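Participant: Chains as they are written, first to last, in the working numbering: chain U, 281 to 600; chain H, 281 to 600.
Because the hints were derived from the structure by calculation, they are not lab data. These numbers were taken from a predicted model, which means no experiment stands behind them. Incorrect hints may have been included.
One copy or two, it doesn't matter: identical chains are merged, so the pair holds either way.
[Said to hold, decoys possible] Here are the simulated lysine-lysine pairs, BS3-like style, with alpha carbons at most 30 Å apart:
(1) Lys555 with Lys518
(2) Lys282 with Lys381
(3) Lys295 with Lys500
Number of protein chains: 2
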Amino acid sequence: MKNNIEGICRIFREKDRFLIACHENPEGDAIGSQLALALALRKMGKTATVLNADPVPGNLAFLPGADSVVYEEDGSRYEVAVVVDCGSSERTGRVQAELCKPPVLVNIDHHRTNGGCGDYCLVDPEAAATGMLIYRILAAMNVEIDSDIAVNIYVAILTDTGSFHYANTSPEAFHIAGEMVRRGIDPWGVAEQVYETQSADRLRLLGRVLGSLEIAAGGKIAAVTTTKKDLADFSARKDFLEGFINYPRSVIGVEVAVAFREEDAGEIRVSFRSKGRVDVSAICQAFGGGGHRNAAGCIMRGPLDEVKRKVYGALEAALR
Amino acid sequence: MKNNIEGICRIFREKDRFLIACHENPEGDAIGSQLALALALRKMGKTATVLNADPVPGNLAFLPGADSVVYEEDGSRYEVAVVVDCGSSERTGRVQAELCKPPVLVNIDHHRTNGGCGDYCLVDPEAAATGMLIYRILAAMNVEIDSDIAVNIYVAILTDTGSFHYANTSPEAFHIAGEMVRRGIDPWGVAEQVYETQSADRLRLLGRVLGSLEIAAGGKIAAVTTTKKDLADFSARKDFLEGFINYPRSVIGVEVAVAFREEDAGEIRVSFRSKGRVDVSAICQAFGGGGHRNAAGCIMRGPLDEVKRKVYGALEAALR
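Turn these sequences into a full structure, and let the hints guide you.
Facilitator: Shown next as C-alpha cells:
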C-alpha cells in the first residue's frame with residue numbers, strides 16, 4: 281500500500297475530466313465522499329461525473345449534487361477514474377468496465393481489505409469514513425470547503441460512525457464533524473433527513489417484528505423473525521429490514537443478536553450481531569455463510585423452527 | 281446574569297468542602313456534570329459530595345463516581361453548594377433545603393430559563409450541555425482531565441445533544457467530545473452502556489405501541505397510543521415509554537407526532553413533538569398543559585376516542 285496524497289492532489293490539479301464511482305448499493309459514506317469530491321473538482325473548474333451502479337438512497341437525495349449522479353456513461357471520455365469507499369474494484373458492480381477506460385485510476389478508501397490498487401491511492405483503515413480522506417485531500421489542496429461540500433463530508437462521517445457511536449469514532453472524526461458545523465451545516469436538519477424519513481409501513485413492520493422477540497440462552501441471545509406474511513402485510517421493500525437487528529442487540533445482557541427472515545423457496549436468511557465475545561463469522565461459516573467477527577450472515581434451508589434450533593444450538597455452544 | 285468563571289475557579293481552589301446537586305430525575309448531562317466536577321475536586325484534594333433527590337438511572341450507573349452519590353446529607357457541613365444543570369433552585373427537589381445551608385452558592389447551567397442566581401454563576405444557554413461548562417472550568421483551572429472525568433463529560437454531551445443530532449451540537453461540542461476520546465474513552469463502549477441496556481419487555485412494549493400507529497391529516501400527523509393493558513402486559517415502568525414518541529416523529533412527511541397514554545382515573549396524558557411549523561405549546565396551553573414550541577404535553581379527560589378527536593381537530597386547524 282503506497283499512500284500518495286501528494287500524487288492525488290497533483291492529478292486533481294493537473295487533469296480536467298474525472299469519473300467518480302463507488303460501491304454497489306451505496307450508503308452515506310460512499311455517496312457523501314463522491315459528491316464532496318465532485319463538487320470540489322467542479323469548483324476547481326473541472327468536469328466531474330459521478331457514475332454509480334445503483335440509485336442514491338431516498339434519505340440521501342437531499343445531498344447537494346445528488347441530482348447529478350448518472351447511471352450510464354462512457355468511461356473513455358475521461359482522463360481519471362476515481363473509486364471511493366470500495367474495498368475492491370469488483371464492488372463497483374456493473375460500471376466497473378467503464379472505470380478501466382481512463383488512463384489514470386485513483387483509489388480512496390478506508391476498508392481494511394483494500395489492496396491499494398490503482399495508480400494513486402489513499403487507503404487508511406484507521407479512518408472512520410472515506411469522507412475523512414476526502415477532507416484531508418481537499419485540505420491539502422487548499423480547496424475552500426463550502427456548505428454544500430461540508431454537508432456531504434458530514435453525512436459520510438455521521439453514517440459510517442453510526443451517529444458517532446461506533447468504536448471507529450476518532451478524535452479526527454469529531455474534529456472534522458465540528459469543522460463542518462463551523463462551515464454552516466445544521467446537525468439537526470441533516471440528522472432529520474438521514475434518519476427521520478421512514479415510511480409508516482416500515483414503522484408498522486418494525487412493531488410486528490419486535491413482537492416476535494425471543495430470548496434464549498438465559499438472556500444471552502435475542503432474536504427477531506420476519507415472515508413472508510409480515511413482508512406482504514406491509515408491502516415491505518428489501519431495505520425496510522435494515523437496522524432491525526439493532527433492536528434485539530440493544531437488550532441488556534445480550535451477547536448475540538439474531539434476525540431470521542423467510543425468503544422465497546423455503547430459504548431462511550439469518551443475520552448475526554455479536555457484542556464481542558462470540559465470533560459469529562465462525563458460526564456462519566459452519567452454515568455456509570461468512571462475515572466479520574461481530575457481524576455475519578448465512579442462508580439456511582427451512583423450516584424456520586429447525587433453522588432456529590440449529591442456530592441457537594451453535595450459539596449456545598459458542599457461549600459456553 | 282453575571283458570569284464569573286474566574287470567581288468559580290478561585291472558590292474551587294480556595295475552599296475545601298463542596299456539596300454538588302442537580303435537578304430531580306437526573307439524566308446524562310446532570311449526572312455527568314456532577315460526577316466530572318466531583319472527581320476533579322477530589323483530585324485537587326477536596327471533599328466533594330454529590331447529593332441528589334433521585335437515584336442515578338440504571339444506564340448511567342457505570343459512570344465513574346456514580347456509586348458515591350448520596351441521597352441524604354447535612355448541608356451545614358459544607359462551605360460551598362454547587363448546583364449544576366438546574367434552571368431554577370426548586371428543580372433540585374427535596375434536597376433544596378440542604379443547599380441553602382453552605383455560605384456560598386455556585387450555579388453552573390445551560391438552561392435559557394436560568395436567572396443566574398447564586399454567589400457565582402456560569403450560565404450559557406448556547407452550550408449544548410452543562411458538561412461543556414464543567415470542561416471549560418476544569419480547563420481554566422488547569423486540572424488534568426483523566427479518563428474517569430472524561431467519560432462523565434462525554435456522556436453529558438452525548439446525551440444532551442441526542443448523539444450529536446440536535447441543533448445545539450456546536451463545533452465546541454464536537455471539539456470537547458473529540459478531546460475526551462483523545463483522553464482514552466471508548467465511544468462504542470459508552471454508547472452501548474447508555475443506549476443498549478433496555479429490557480426485553482420494553483422492546484416488546486415498543487412493538488405493541490408501534491402497532492397502534494395512526495396517520496392523520498394526510499400524513500402530517502402520526503400518533504401512537506399506550507393503553508393501561510399494554511403497560512400491564514409488559515409490567516412497564518414509567519421510564520419504558522421515554523423516547524417512544526421519536527418513532528412517529530421519524531415518519532416521512534410528518535409535521536407533528538403525538539403519543540397518547542392512558543393514566544389512572546380516566547385521564548389521558550398527551551405528548552407532542554413538532555418538526556417546527558406547528559407551535560405545539562400553544563395547542564397544549566389550550567388543553568391546560570404547556571411546554572416548548574417543538575415539545576409539549578397536557579393531561580386530558582377521557583374517553584380516549586374523544587381525546588383523539590379533539591387533539592387531531594386542534595392540530596388540523598393549526599396545520600391549515
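Participant: Okay, which hints does this one fail, numbers in order?
Facilitator: 3
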